[in-house]
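Turn these sequences into a full structure, and let the hints guide you.
Number of protein chains: 4
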Amino acid sequence: MHIGFIGLGNMGIGMATNLLTAGHTVAAYNRSPAKVGTLVRQGAVAARTVAEACRGEVVQTMLADDDAVEQVTLGPDGIVASLPPGGTHISSSTISVALARRLTAAHAEAGQSYVAAPVFGRPEAAAAARLFVIAAGAPAALDSVAPLFDAIGQRTFVVSEQPYAANLVKLSGNFILATVIESLGEAIALVEKAGVDPLAYVDILTSTLFNAPAYATYGDLIARKNFEPAGFAATLGLKDVRLALQAAEELTVPLPLGSLLRDRFLTLLANGGGQLDWSAITTLAGRDAGL
Amino acid sequence: MHIGFIGLGNMGIGMATNLLTAGHTVAAYNRSPAKVGTLVRQGAVAARTVAEACRGEVVQTMLADDDAVEQVTLGPDGIVASLPPGGTHISSSTISVALARRLTAAHAEAGQSYVAAPVFGRPEAAAAARLFVIAAGAPAALDSVAPLFDAIGQRTFVVSEQPYAANLVKLSGNFILATVIESLGEAIALVEKAGVDPLAYVDILTSTLFNAPAYATYGDLIARKNFEPAGFAATLGLKDVRLALQAAEELTVPLPLGSLLRDRFLTLLANGGGQLDWSAITTLAGRDAGL
Amino acid sequence: MHIGFIGLGNMGIGMATNLLTAGHTVAAYNRSPAKVGTLVRQGAVAARTVAEACRGEVVQTMLADDDAVEQVTLGPDGIVASLPPGGTHISSSTISVALARRLTAAHAEAGQSYVAAPVFGRPEAAAAARLFVIAAGAPAALDSVAPLFDAIGQRTFVVSEQPYAANLVKLSGNFILATVIESLGEAIALVEKAGVDPLAYVDILTSTLFNAPAYATYGDLIARKNFEPAGFAATLGLKDVRLALQAAEELTVPLPLGSLLRDRFLTLLANGGGQLDWSAITTLAGRDAGL
Amino acid sequence: MHIGFIGLGNMGIGMATNLLTAGHTVAAYNRSPAKVGTLVRQGAVAARTVAEACRGEVVQTMLADDDAVEQVTLGPDGIVASLPPGGTHISSSTISVALARRLTAAHAEAGQSYVAAPVFGRPEAAAAARLFVIAAGAPAALDSVAPLFDAIGQRTFVVSEQPYAANLVKLSGNFILATVIESLGEAIALVEKAGVDPLAYVDILTSTLFNAPAYATYGDLIARKNFEPAGFAATLGLKDVRLALQAAEELTVPLPLGSLLRDRFLTLLANGGGQLDWSAITTLAGRDAGL
Chain Y
1 MHIGFIGLGN MGIGMATNLL TAGHTVAAYN RSPAKVGTLV RQGAVAARTV AEACRGEVVQ
61 TMLADDDAVE QVTLGPDGIV ASLPPGGTHI SSSTISVALA RRLTAAHAEA GQSYVAAPVF
121 GRPEAAAAAR LFVIAAGAPA ALDSVAPLFD AIGQRTFVVS EQPYAANLVK LSGNFILATV
181 IESLGEAIAL VEKAGVDPLA YVDILTSTLF NAPAYATYGD LIARKNFEPA GFAATLGLKD
241 VRLALQAAEE LTVPLPLGSL LRDRFLTLLA NGGGQLDWSA ITTLAGRDAG L
Chain H
1 MHIGFIGLGN MGIGMATNLL TAGHTVAAYN RSPAKVGTLV RQGAVAARTV AEACRGEVVQ
61 TMLADDDAVE QVTLGPDGIV ASLPPGGTHI SSSTISVALA RRLTAAHAEA GQSYVAAPVF
121 GRPEAAAAAR LFVIAAGAPA ALDSVAPLFD AIGQRTFVVS EQPYAANLVK LSGNFILATV
181 IESLGEAIAL VEKAGVDPLA YVDILTSTLF NAPAYATYGD LIARKNFEPA GFAATLGLKD
241 VRLALQAAEE LTVPLPLGSL LRDRFLTLLA NGGGQLDWSA ITTLAGRDAG L
Chain W
1 MHIGFIGLGN MGIGMATNLL TAGHTVAAYN RSPAKVGTLV RQGAVAARTV AEACRGEVVQ
61 TMLADDDAVE QVTLGPDGIV ASLPPGGTHI SSSTISVALA RRLTAAHAEA GQSYVAAPVF
121 GRPEAAAAAR LFVIAAGAPA ALDSVAPLFD AIGQRTFVVS EQPYAANLVK LSGNFILATV
181 IESLGEAIAL VEKAGVDPLA YVDILTSTLF NAPAYATYGD LIARKNFEPA GFAATLGLKD
241 VRLALQAAEE LTVPLPLGSL LRDRFLTLLA NGGGQLDWSA ITTLAGRDAG L
Chain A
1 MHIGFIGLGN MGIGMATNLL TAGHTVAAYN RSPAKVGTLV RQGAVAARTV AEACRGEVVQ
61 TMLADDDAVE QVTLGPDGIV ASLPPGGTHI SSSTISVALA RRLTAAHAEA GQSYVAAPVF
121 GRPEAAAAAR LFVIAAGAPA ALDSVAPLFD AIGQRTFVVS EQPYAANLVK LSGNFILATV
181 IESLGEAIAL VEKAGVDPLA YVDILTSTLF NAPAYATYGD LIARKNFEPA GFAATLGLKD
241 VRLALQAAEE LTVPLPLGSL LRDRFLTLLA NGGGQLDWSA ITTLAGRDAG L
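Chains as they are written, first to last, in the working numbering: chain Y, 1 to 291; chain H, 1 to 291; chain W, 1 to 291; chain A, 1 to 291.
Hints listed in this document are in silico derivations from the structure and should not be mistaken for laboratory results.
The reader is advised that the hints may include incorrect statements.
Partial selection, computed: residues in chain H whose CB lies under 7 Å from chain Y [to be verified]: (1) 37; (2) 40; (3) 160; (4) 165; (5) 173; (6) 194; (7) 198; (8) 204.
The model shown is predicted, which means the values in this text are computed figures rather than measured ones.
Yeah, the Cβ is synthetic: ideal placement off N, Cα and C, and Gly gets one too.
Take a look at the structure:
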């Protein structure tokens, strides 16, 4: 297929590369053009503008946040203005439910399809085409782009005909991850104050009840207080928890754990920890325990 | 070794059987003697009293709660009164940190050793000698009973010279499990209100970020609202969260997640759900969301 | 002084009347013009547009929410576009800190002054010129409009040179009121479950430690479960708590009580209680207690 | 009436003095006998033992905590053992609901009456006979001791025939006070970070919506960060919140505000603030906000 790809960050570069590998034609655009070169060397065409990336049947975006996605999609010479009628915009960024709804409406009005396809997986999984794709949108649109999902991921989950539902599922995943982090922080503060070694404790947890990568990865970071450099900064953690809470508020769903996490992130930021890894909220349980 | 074993519930029966299998001599006592017969047919000796179970070098207890352990250990003709000086009491029950400290002191005064060895694992794991043993106590005492731990479990973790620390680690495990349950409840309420199928959602979670048994087991129960019969009743869930909070208070450690969980369990009990599985606290997130 | 007054709701009508009574000239505008007639009969001039209300030295607004204030102020033919340079906009509505900041900047750019003057007091206090005015803005601007504050209120508190700070103080007042309501709800649930009569209990509280009007007013409503008609609807309660939390997030201040209140209001709304008085969140403490 | 009075602390000394003033005969007992002298100079008889204080029709206790009350009442040669059948024990200490129930049963078994009569008011109010008495017990017993309540307080509230209910009401009062403190702490952190002067802010609150002594007293302490010497130590604050939570748990009532307060007090204690005034929990809202 003829695809435009917009957003060549740590995730996007891997995804676009795998689209090339699978035999698709890719016109790549990035705000800072340096990264486009890497992809061109693997066979992509350089798009100098968003509009140039919108000349195929499909354009996929993988951008940092709502602002970036909104500007690229709804701004002058953006995707809605540039994509031909009948074209499909696959949005893989982690964005708010509210924006997902607005984009859905804007594309529909322009006779285009909008598909949400956020992913689970880190940059290494993106590079290895091992992402999990959470897809939502009109069935026909999803069918037509299914080969692209196969090219970038190991499995695709279709969750709804409403694109925003995929964003909600993505946000909920980070929400649960944040609860894992907080629970480890509290449990470690508790046993550490009783003299149990945090690393030995994490070893017990991950050898017994909680042998999932999330527990191993974050348990180790937390036990070692290894929060720099950030794998995922606390400011981004707050952003995702806020997005989850906003989506929940639109749906009138209270999330007490989300409220607690939001307060933790705000506390960390207010005390200068915004650039630390988001698992650094666990230092607060320790500090509150007088450790 | 010559061992007394007190408490032949779902867990104890498997543990005692594996001690026999490993070649140890077991004098078995249970409050209701019917269960002793099963074990006698496998080679155990029936003890008619607690005191009779205390004639060897070691006595192991696996009982329901603080009250039972306190009575058996400190009551008239109990373990402290009956075990010979130099003997060791291995306590595998999930008990409070406060009681663990009192038992440690009482045994020390009587010239006996007290070892805490709570376990992670369900009755099937107990039967298969696949438990994880969390052990704490004086190094010499732990060394002497290490073969017994090998007989009942797949791995032993020594966490401290203070027996109560093992109880704390055990309680913290159930505390984290309860946070897993609550996080699933809130996340499912959120996506369900947006029209996502709960079972499909749990499939996504357990296929991607959270592929641990805890998520699969409880995710399935929660998505199906399958809370009867209880695998672990809400009343016991409240008890364990309370024990964790009490231990945390003794150590002056705030546990905000523990507080939230306590309120959830109280709400469930106040509304008639005490006999449901503890994962039924997730119905509260759904109810609060108007589902 | 020559004043325009925009927004003749339950509060605004009393405030504008008192400005007339104090001898000022008032050009009154309201979206639905019927209410203007009442004021005209007391000596006001009817303004047919926002712009017509902006021909004096000062224009005061008392509107329902951010949207209304934003439209009237920043919209085409709005206050910023219509008020002469050197004029002052007194904003008495309860609005977000974020909007207060934007209005401050917009007026400054237009060579106008922006003063925030939200008030504490109910419609009866507005009618009786007994409001408390929380004022913030440039000192010169505050000095020039001080006689207007004297005309509508019993006392003026100047809190900052930054207008938004007055909005923050106003929001914090409703935040504290909401905590009063929640605390009464939990305490009443507790004693009621022990058989103590709620009304007798409220009598004790207000006769002893808590003899403030807030406790008497809300204690009575809560004890009688008298939530209709709403004095202040739960939807508005949620709005104000949300504004407080948003302001707090901008300032990086966690408000755990605010988080708890937000969850209570969401729960009430999700269960159909949005139009009840905001003190109906107390039914949730009772429901959770199985009452 | 012939009364024994046990416990001559800051509160008890005033209460006993007022019983003398009203013409009653008082046999006074205190653990450290020095304080008895003061009362003897005003006409009391010195009791050398608890038993000696139990020779009249009524004995009233005003002690520090559960342990003291339990020992004096149920210990060897305690009140239950010493008071004649038909006698009445008036317990004015702030104790747990659980202990109140045990004392009720013990006195009933001994043919004695047990009346709970905790009070609201500080030592000055006790000295001035201006206490508020929260009374509960069998109607006949309450009638017979009503003159004693009149002698020590300005008003008596009868809340139940079950003595423990009066203790619950008392505990709930301190619970609400603690929520007032926390709400002030969060609100002050919020406005202070926006540059509003805390003292000016408290002046606004207490001049407008919250003109109750609790807000004035604690608002001033909090704004000035004046936590030493403690009027009521944080350790005692934690004790009372814990008692409220325990009573609520017995009645199966969740108290989310109580949970939040408990975590605040634990945090303060873990960071060395146990001897500060309980209003010092408000430093935590400020600290979390990075102030």
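Honestly, which of those hints from before does the structure not fit?
1, 2, 7
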